[in-house]
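S.K.: The listed protein sequences correspond, in order, to chains B and D. My numbering numbers the first residue of the first sequence as 14 and each following residue consecutively. My numbering numbers the first residue of the second sequence as 14 and each following residue consecutively.
Hints listed in this document are in silico derivations from the structure and should not be mistaken for laboratory results. Any given hint could be a false lead.
Each pair may be met inside one copy or between any two copies, as identical chains are not told apart.
[As the list claims (entries may be wrong)] Pairs of lysine to aspartate or glutamate residues, derived as EDC-like cross-links and limited to a Cα-Cα distance of at most 20 Å, are as follows:
1. K319 - D42
2. K137 - D45
3. K19 - D410
4. K72 - E61
5. K39 - D144
6. K219 - E406
7. K480 - D387
8. K72 - D341
9. K351 - E372
Since we're looking at a predicted model, the values are computed, not measured.
Number of protein chains: 2
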Amino acid sequence: MASTDKLPTRAENFADWYVELIQRAKLADYSDVKGCMVIRPNGYAIWENMQRALDGMFKETGHVNAYFPLLIPEEYLNREKEHVEGFKPQLAVVGYAGGAPLEPGQRYVIRPTSETIINRSFAKWIQSYRDLPLLINQWANVMRWEMRTRLFLRTTEFLWQEGHTCHETEGEAQDETLKMLEVYRRFAEDYMAMPVLCGQKTESEKFPGAVRTYSIEAMMQDKKALQAGTSHMLGQNFAKMFETQFQGRDGKQHFAWQTSWGVSTRLIGALILTHSDDAGLVVPPKLAAQHAVIIVIGKTPEERAKVKERAAALAADLNQNGVRTIVDDDESKMPGFKYYEYDLRGMCLRIELGPKDLEKNQCVLARRDQRQADGKAVKQFLQLAETVAKAKEALDDMQKSLLEKAKAFRAANTFEVNSYDEMKAKADAGFLLAHWNGDAKVEARIKEETGLTTRNRPFDLKQEPGKCVVTGEPSPGRIVFSKAY
Amino acid sequence: MASTDKLPTRAENFADWYVELIQRAKLADYSDVKGCMVIRPNGYAIWENMQRALDGMFKETGHVNAYFPLLIPEEYLNREKEHVEGFKPQLAVVGYAGGAPLEPGQRYVIRPTSETIINRSFAKWIQSYRDLPLLINQWANVMRWEMRTRLFLRTTEFLWQEGHTCHETEGEAQDETLKMLEVYRRFAEDYMAMPVLCGQKTESEKFPGAVRTYSIEAMMQDKKALQAGTSHMLGQNFAKMFETQFQGRDGKQHFAWQTSWGVSTRLIGALILTHSDDAGLVVPPKLAAQHAVIIVIGKTPEERAKVKERAAALAADLNQNGVRTIVDDDESKMPGFKYYEYDLRGMCLRIELGPKDLEKNQCVLARRDQRQADGKAVKQFLQLAETVAKAKEALDDMQKSLLEKAKAFRAANTFEVNSYDEMKAKADAGFLLAHWNGDAKVEARIKEETGLTTRNRPFDLKQEPGKCVVTGEPSPGRIVFSKAY
Chain B
14 MASTDKLPTR
24 AENFADWYVE
34 LIQRAKLADY
44 SDVKGCMVIR
54 PNGYAIWENM
64 QRALDGMFKE
74 TGHVNAYFPL
84 LIPEEYLNRE
94 KEHVEGFKPQ
104 LAVVGYAGGA
114 PLEPGQRYVI
124 RPTSETIINR
134 SFAKWIQSYR
144 DLPLLINQWA
154 NVMRWEMRTR
164 LFLRTTEFLW
174 QEGHTCHETE
184 GEAQDETLKM
194 LEVYRRFAED
204 YMAMPVLCGQ
214 KTESEKFPGA
224 VRTYSIEAMM
234 QDKKALQAGT
244 SHMLGQNFAK
254 MFETQFQGRD
264 GKQHFAWQTS
274 WGVSTRLIGA
284 LILTHSDDAG
294 LVVPPKLAAQ
304 HAVIIVIGKT
314 PEERAKVKER
324 AAALAADLNQ
334 NGVRTIVDDD
344 ESKMPGFKYY
354 EYDLRGMCLR
364 IELGPKDLEK
374 NQCVLARRDQ
384 RQADGKAVKQ
394 FLQLAETVAK
404 AKEALDDMQK
414 SLLEKAKAFR
424 AANTFEVNSY
434 DEMKAKADAG
444 FLLAHWNGDA
454 KVEARIKEET
464 GLTTRNRPFD
474 LKQEPGKCVV
484 TGEPSPGRIV
494 FSKAY
Chain D
14 MASTDKLPTR
24 AENFADWYVE
34 LIQRAKLADY
44 SDVKGCMVIR
54 PNGYAIWENM
64 QRALDGMFKE
74 TGHVNAYFPL
84 LIPEEYLNRE
94 KEHVEGFKPQ
104 LAVVGYAGGA
114 PLEPGQRYVI
124 RPTSETIINR
134 SFAKWIQSYR
144 DLPLLINQWA
154 NVMRWEMRTR
164 LFLRTTEFLW
174 QEGHTCHETE
184 GEAQDETLKM
194 LEVYRRFAED
204 YMAMPVLCGQ
214 KTESEKFPGA
224 VRTYSIEAMM
234 QDKKALQAGT
244 SHMLGQNFAK
254 MFETQFQGRD
264 GKQHFAWQTS
274 WGVSTRLIGA
284 LILTHSDDAG
294 LVVPPKLAAQ
304 HAVIIVIGKT
314 PEERAKVKER
324 AAALAADLNQ
334 NGVRTIVDDD
344 ESKMPGFKYY
354 EYDLRGMCLR
364 IELGPKDLEK
374 NQCVLARRDQ
384 RQADGKAVKQ
394 FLQLAETVAK
404 AKEALDDMQK
414 SLLEKAKAFR
424 AANTFEVNSY
434 DEMKAKADAG
444 FLLAHWNGDA
454 KVEARIKEET
464 GLTTRNRPFD
474 LKQEPGKCVV
484 TGEPSPGRIV
494 FSKAY
């Protein structure tokens, strides 16, 4: 059981609140391995629900899963110049195996991402345009030796999925890149209840080895941005290095056009930072391990026995109707302590049932995301006969309402800024829509002087020419700047 | 497309047949990484179905999933003497990370199994007997640097699940060990249609660090044994090394009693070696990616259009009824070539539909596991209206019939042997039930002289005293010897 000391509030210390919440809600724990965390069952259950939803969406769009080696010959990475420059500082290298040291030319790196080793297979598998498109996804662990780590958000090892596809034409690869970005948007909004901006990253922020990178960017409760997923149009860069070629309809050899795209356990961090509150975790029902707990109340054994029986019947009824419910009849803890614990761990609905309720054929329902001004739960009396219907309604409404709340928060913290001074003044205020001349040096200067980075150029942000806030030079349209995770 | 050269038959060369089948059916492929394979979509789909079934069974028995780091501090492994001796020769070591070499005391090994690093967490999570039992499972990749590897059966990296549990008493840990062995037996028989012997391994064959190891052992078509899963009673060995302690009901500190158990992608190799034939892969319907293909037949565009329409309707009907069906209307390949390909890849049912069938409101059904003496498919004419019902019936029957066939094969190749000469003569004949005095030296001598190893002492093999086939000394009862993968 977690300590009952109060969790720091978000206002007191947002960073501490985040880390404390994760540990007290038993979502994850530190390990002795530099920058690696242990994902505890409460956290892993959210990941399993994310995986199930995403995997279904990948399969609906024609992708199949496969598995490629964890280790990549060091030499593979060296083939794509930008790629190796991007990843080299973060590599973990196996230099000793099976009781003997490996020669420098035989060493392996633990995959930081798998474009190279997957291309080695693709080059063997693809002969003709008839073998295209090739639409593969992999669920795997990857490793990037990070200097500064934070639970879920940036860890040395993380779990993710990486899609890798090959196409006959540039246009098809571009379409795939955007199709998968749209899958991520749908997942973020429909499952995570997290609104995102879909758009293109700048040259300096793109994936090492990609032609173009697109991202979904979300706003966290501290108004910082979090890049929640990326989709890359790789062009023929990797295909050329690995000779991933096919005989085209014209009878000639062509390099495949490729994409890659991924989301990771970082999404769990994003989920926490988007919805959780000072009482603990808040999870949208579609991703929650459990939906409801029925708390058995009663003093005498006779009272409790009656309540338990009714609670079990109600739980069975709820479970049968898709409301994943558990019953808590532990007598060793007080109800108040239990409420605290279930709030902390993000139980969507709490149903209180006692002897007096039974007499009146009623129960009490409290919804995790509805709190009074003092932080206490809003309670609602329900007739037992209507509980299943009301619980389902509450879950549906909670899913929608979390998204609406996050959308309103983002809207309230998004601003057009028209001068560099205004930009500096609003550096911590949220998403800043500003004109920029497209020069990477100016982008770097803004980052250094204000901590603001370009997030992406959202598709739905109308592009109208203007003047760069720093140089006054022409800008093709506004782009989103923000501090970011 | 795979080559149409004939697959080697099992009788010609069993080992070549196995490896060729895997590559032609696109189940897996070699990689440039020593001993590591690529699991291709056709093979990975089987693993996904295995995972789904097993994961459901683990959850039904109260287990939850979690995730622990890939890397283990080298020092952890050294704590359990037998454990490190067992795994040291097979370790891959990370000696360089983030651009700098790691000091010897800071080096990491890639997990060969996770008892040590998981105990480090358990020691933090467990305080009281109220925290027990702790029932955790992990789906992960592990690495054991093997000298001789074979696709699926023995690879340097493999995918598996590893269960790790902590209990208050020795009895509870022993019960859990046997409960999970029984889960494996049920999975092997009900899903893989593969009969197994459940029993205890000898001292010399047990897991390094365990008190007792139990296994499920299956007979492959070449009459060799394959250890398909193991469940270990770990006693308090790891708990003592990592101080995994709890305050007991008596108010005193006790070391936790632990178990671990695992199955891996090796099961895909077992599946192939149990059921497949000279035409290719045979998969029990419960684990097959697809159940049925409808082959559209017809010469003129008009004929094909009509047949396609009916095929699509039939496929929709089949899919709605749980028969996972695809339609193949590719005109660029002849039906005969398609039959060959679908047989190779293990499609359970083939439905042929042509213009003449449509006139008669019929179709042709061929079941993958029913072959004539010449190896050709047995074909059955069905009324279209009864196709869904007949297809479901065929799948159910196929699932049962594969298990019955494998059981009969094992029974026909299991022998009691009563002398060492008889044992040597029957060394390649299958499972040999022999008396043995329990001495590890005698066990080692038998292995060296005959290639036979003890598999396990099956629970359902009645134990009656006898005389050791080698020494004539007393034996408590027969044990199973066999050549093994």
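S.K.: Compare the structure with each hint and give your call.
M.R.: Evaluated hints:
1. K319 - D42: neither (39 Å within a copy, 61 Å between copies)
2. K137 - D45: between (40 Å within a copy, 12 Å between copies)
3. K19 - D410: For K19 and D410, the Cα distance exceeds 20 Å both inside one copy (29 Å) and across copies (60 Å).
4. K72 - E61: both (16 Å within a copy, 13 Å between copies)
5. K39 - D144: For K39 and D144, the Cα distance is within 20 Å only across copies (13 Å; inside one copy 46 Å).
6. K219 - E406: neither (42 Å within a copy, 54 Å between copies)
7. K480 - D387: For K480 and D387, the Cα distance exceeds 20 Å both inside one copy (47 Å) and across copies (80 Å).
8. K72 - D341: between (38 Å within a copy, 19 Å between copies)
9. K351 - E372: The answer is neither: 23 Å in one copy and 69 Å across copies each exceed 20 Å.
In this structure, the hints that do not hold are numbers 1, 3, 6, 7, 9, in rising order.
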